[in-house]
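Protein sequence lines correspond, in order, to chains A and B.
My numbering applies: residue 1 is where the first sequence begins, and numbers increase by one.
My numbering applies: residue 1 is where the second sequence begins, and numbers increase by one.
The set of hints was computed from the structure by calculation and includes no laboratory data.
All values derive from a computational prediction rather than experimental measurement.
Warning: the hint list may mix true and false statements.
[As the list claims (entries may be wrong)] Dumping the calculated DSBU-like pairs for lysine-lysine here, alpha-carbon to alpha-carbon at most 30 Å:
| no. | chain 1 | residue 1 | chain 2 | residue 2 |
| --- | --- | --- | --- | --- |
| 1 | B | 129 | A | 84 |
| 2 | A | 74 | B | 44 |
| 3 | A | 115 | B | 15 |
| 4 | A | 138 | B | 147 |
| 5 | A | 15 | B | 44 |
| 6 | B | 129 | A | 189 |
| 7 | A | 77 | B | 129 |
| 8 | B | 225 | A | 73 |
| 9 | B | 129 | A | 138 |
| 10 | A | 84 | B | 142 |
| 11 | A | 74 | B | 142 |
| 12 | B | 47 | A | 15 |
| 13 | A | 77 | B | 225 |
| 14 | A | 7 | B | 129 |
| 15 | B | 87 | B | 15 |
| 16 | A | 73 | B | 87 |
| 17 | A | 186 | B | 129 |
| 18 | B | 225 | A | 138 |
| 19 | A | 73 | B | 44 |
| 20 | A | 115 | B | 148 |
| 21 | B | 47 | A | 128 |
| 22 | B | 15 | A | 77 |
| 23 | B | 152 | A | 77 |
Here is what each chain is made of, one letter per residue.
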Amino acid sequence: MSVLEVKNIKKSFGKLEVLKGISFSLEKGEVLTIIGSSGSGKTTLLRCLNFLEFAEEGTIMVNGTEIYNGEDKKTLKDEEIRQKRLHFGLVFQSFNLFPQYNVLENVTLAPTLLKMGTTEEITQRALKLIERVGLTEKLNSYPCELSGGQQQRVAIARALALEPDILCFDEPTSALDPELTGEVLKVIKGLKSKDSTMIIVTHEMEFAKNVSDKIIFMADGVIEEMGTPKEVFENPKSTKTRNFFSKSMEEI
Amino acid sequence: MSFSEVTLFLLDGFKISLIIFAVTLIFGIPLGLPIAFCSMSRFKLVKNVSKVIVWIVRGIPLMLQIFIIYYVPGLLFEFPLFSNIDKYMYINYGIADSGRIIAVLIAFTINYACYFSEIYRGGIESIPKGQYEAGYVLGLTKSQIFKKIILKQVIKRIVPPLSNEIITLIKDTALANCIMVCEIIKQAKELAATKALVWPLFYTGVFYLLFVGLLTIILGKLERKLDYFRS
Numbered sequence: 001m002s003v004l005e006v007k008n009i010k011k012s013f014g015k016l017e018v019l020k021g022i023s024f025s026l027e028k029g030e031v032l033t034i035i036g037s038s039g040s041g042k043t044t045l046l047r048c049l050n051f052l053e054f055a056e057e058g059t060i061m062v063n064g065t066e067i068y069n070g071e072d073k074k075t076l077k078d079e080e081i082r083q084k085r086l087h088f089g090l091v092f093q094s095f096n097l098f099p100q101y102n103v104l105e106n107v108t109l110a111p112t113l114l115k116m117g118t119t120e121e122i123t124q125r126a127l128k129l130i131e132r133v134g135l136t137e138k139l140n141s142y143p144c145e146l147s148g149g150q151q152q153r154v155a156i157a158r159a160l161a162l163e164p165d166i167l168c169f170d171e172p173t174s175a176l177d178p179e180l181t182g183e184v185l186k187v188i189k190g191l192k193s194k195d196s197t198m199i200i201v202t203h204e205m206e207f208a209k210n211v212s213d214k215i216i217f218m219a220d221g222v223i224e225e226m227g228t229p230k231e232v233f234e235n236p237k238s239t240k241t242r243n244f245f246s247k248s249m250e251e252i
Numbered sequence: 001m002s003f004s005e006v007t008l009f010l011l012d013g014f015k016i017s018l019i020i021f022a023v024t025l026i027f028g029i030p031l032g033l034p035i036a037f038c039s040m041s042r043f044k045l046v047k048n049v050s051k052v053i054v055w056i057v058r059g060i061p062l063m064l065q066i067f068i069i070y071y072v073p074g075l076l077f078e079f080p081l082f083s084n085i086d087k088y089m090y091i092n093y094g095i096a097d098s099g100r101i102i103a104v105l106i107a108f109t110i111n112y113a114c115y116f117s118e119i120y121r122g123g124i125e126s127i128p129k130g131q132y133e134a135g136y137v138l139g140l141t142k143s144q145i146f147k148k149i150i151l152k153q154v155i156k157r158i159v160p161p162l163s164n165e166i167i168t169l170i171k172d173t174a175l176a177n178c179i180m181v182c183e184i185i186k187q188a189k190e191l192a193a194t195k196a197l198v199w200p201l202f203y204t205g206v207f208y209l210l211f212v213g214l215l216t217i218i219l220g221k222l223e224r225k226l227d228y229f230r231s
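Put together the whole structure using the sequences plus the hints.
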């Protein structure tokens with residue numbers, strides 16, 4: 001059974017149709033990378049999965065249960081949306097750490113408010129996650145005292161603390177310089193395991209090639225190409241994909 | 001009159017100034033918050049009513065608002081509420097001016113609450129959308145997001161403009177003398193009229209200066225307390 005099954009997601013902003021029917025599925029433990037030029041709808045897709053936007057049409061199934069249907073858009077209550085969101089985690093391009101909390105508090109805040117265990121349990125789990133992203137020495141630092149790469153690693157630990165079924169990354173390294181990009185990508189790569197399912201929107205082609213089980217190339221709101229990294233990178237079927245790759249590999 | 005006698009006499013007036021100052025803050029600071037929320041409401045009617053009220057209150061001189069509050073019950077309804085309170089309290093308890101002070105407190109509280117509401121609104125609207133979204137994707141409720149994530153960042157941002165208003169407020173209390181409330185400047189004018197002493201009027205400046213100095217230190221401390229993070 002697929003951990004995630006997305007069918008025919010459509011989303012427009014006013015007259016602008018951003019997603020024109022997106023369907024894909026994902027197995028547990030798989031890493032899906034979504035590539036494509038800016039404005040192709042990658043971020044909007046992630047935002048629809050995390051209920052920051054609501055698709056007008058289409059369904060989202062998690063572990064075989066339908067959690068969203070375009071038709072319920074208007075009738076969904078805040079509380080239901082909140083519960084559904086917990087299936088997904090999202091790491092933002094701009095980190096969005098909470099500036100008034102230190103590293104440890106950023107990670108423990110949500111589990112504490114959601115009463116996901118005793119303070120002791122939550123802290124222990126947070127400490128493990130922070131160790132996993134390599135920031136144990138920075139436990140008591142505030143976001144303003146961290147580099148962009150460190151901030152993004154905290155954001156990853158914060159998202160993991162809720163143990164989402166699927167963790168989404170929205171261009172996690174686009175706000176970072178090349179040096180810091182590496183440390184974040186290394187952490188994401190390190191998360192890959194048989195029970196963590198991830199969707200990564202990125203412009204880092206090499207990374208996509210190395211880490212993904214499945215790649216989607218999006219253009220103008222549709223999935224132009226989908227397959228294993230080998231299929232997509234070495235043998236792209238669509239001209240749009242080929243053009244995109246030749247442009248992104250172009251030497252300046 | 002000796003210097004210390006004048007000082008004590010003025011101090012009596014400054015006590016009234018301080019009462020107006022404190023009560024306005026105690027009621028105005030919390031009252032500004034619902035006004036700010038109304039001004040940001042999704043419901044057009046609520047939003048517009050709130051904006052019109054803020055416009056009127058900020059658009060009319062505070063002195064005029066004091067006159068309106070004080071005189072309107074008598075003029076429109078032939079029921080001079082505040083001078084009745086004055087009389088009642090004076091006859092029964094020997095306390096002077098209480099109705100007038102209440103009128104001043106009402107005018108000040110409404111006026112300052114409107115100014116505060118705009119500061120709050122600016123502060124709340126300046127918090128990046130990403131902070132809310134980060135809260136949403138972590139499964140938090142709207143009220144948890146506001147209380148645990150947004151509020152402290154808003155407080156940090158509004159302390160400087162709020163300090164400015166607070167410092168203005170102590171000096172604005174002098175307006176109470178337009179309806180004969182015995183605040184410090186009224187007291188000094190009293191000395192000029194009855195004892196032909198003009199210097200106490202200028203001497204009142206020292207009281208304000210010392211108090212503003214104290215406020216500056218306290219508000220500066222508060223600002224530094226929130227210095228540990230940047231947002």
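Given the proposed pairing of residue 73 of chain A with residue 87 of chain B, does the C-alpha separation stay at or below 30 Å? Given pair residue 73 of chain A, residue 87 of chain B is violated - Cα atoms ~63 Å apart, limit 30 Å.
Can the restraint linking residue 115 of chain A and residue 15 of chain B be considered satisfied, given a maximum Cα separation of 30 Å? violated, 49 Å
Take a quick look at whether residue 115 of chain A and residue 148 of chain B sit within 30 Å of each other, Cα to Cα. holds, 15 Å
Given the proposed pairing of residue 77 of chain A with residue 129 of chain B, does the C-alpha separation stay at or below 30 Å? holds, 21 Å
Between residue 152 of chain B and residue 77 of chain A, does the CA-CA distance stay at or below 30 Å? Distance ~28 Å between residue 152 of chain B and residue 77 of chain A Cα, so the pair holds.
Has the given pair, residue 129 of chain B with residue 138 of chain A, been kept, meaning a C-alpha gap of at most 30 Å? Cα-Cα ~26 Å, so holds.
Can the restraint linking residue 186 of chain A and residue 129 of chain B be considered satisfied, given a maximum Cα separation of 30 Å? holds, 28 Å
Need the status of pair residue 15 of chain A, residue 44 of chain B: alpha-carbon distance at most 30 Å? Distance of about 24 Å is within 30 Å: holds.
Mind checking the alpha carbons of residue 225 of chain B and residue 138 of chain A for me, to see if they're no more than 30 Å apart? Holds, at roughly 22 Å.
Given the hint that residue 84 of chain A pairs with residue 142 of chain B, test it: the Cα-Cα distance must not exceed 30 Å. holds, 15 Å
Is residue 129 of chain B within 30 Å of residue 84 of chain A, Cα to Cα? holds, 21 Å
Residue 15 of chain B and residue 77 of chain A: Cα distance at most 30 Å? violated, 53 Å
Figure legend: structure checked against the earlier numbered hints; hints not met, in rising order: 3, 8, 13, 16, 21 and 22.
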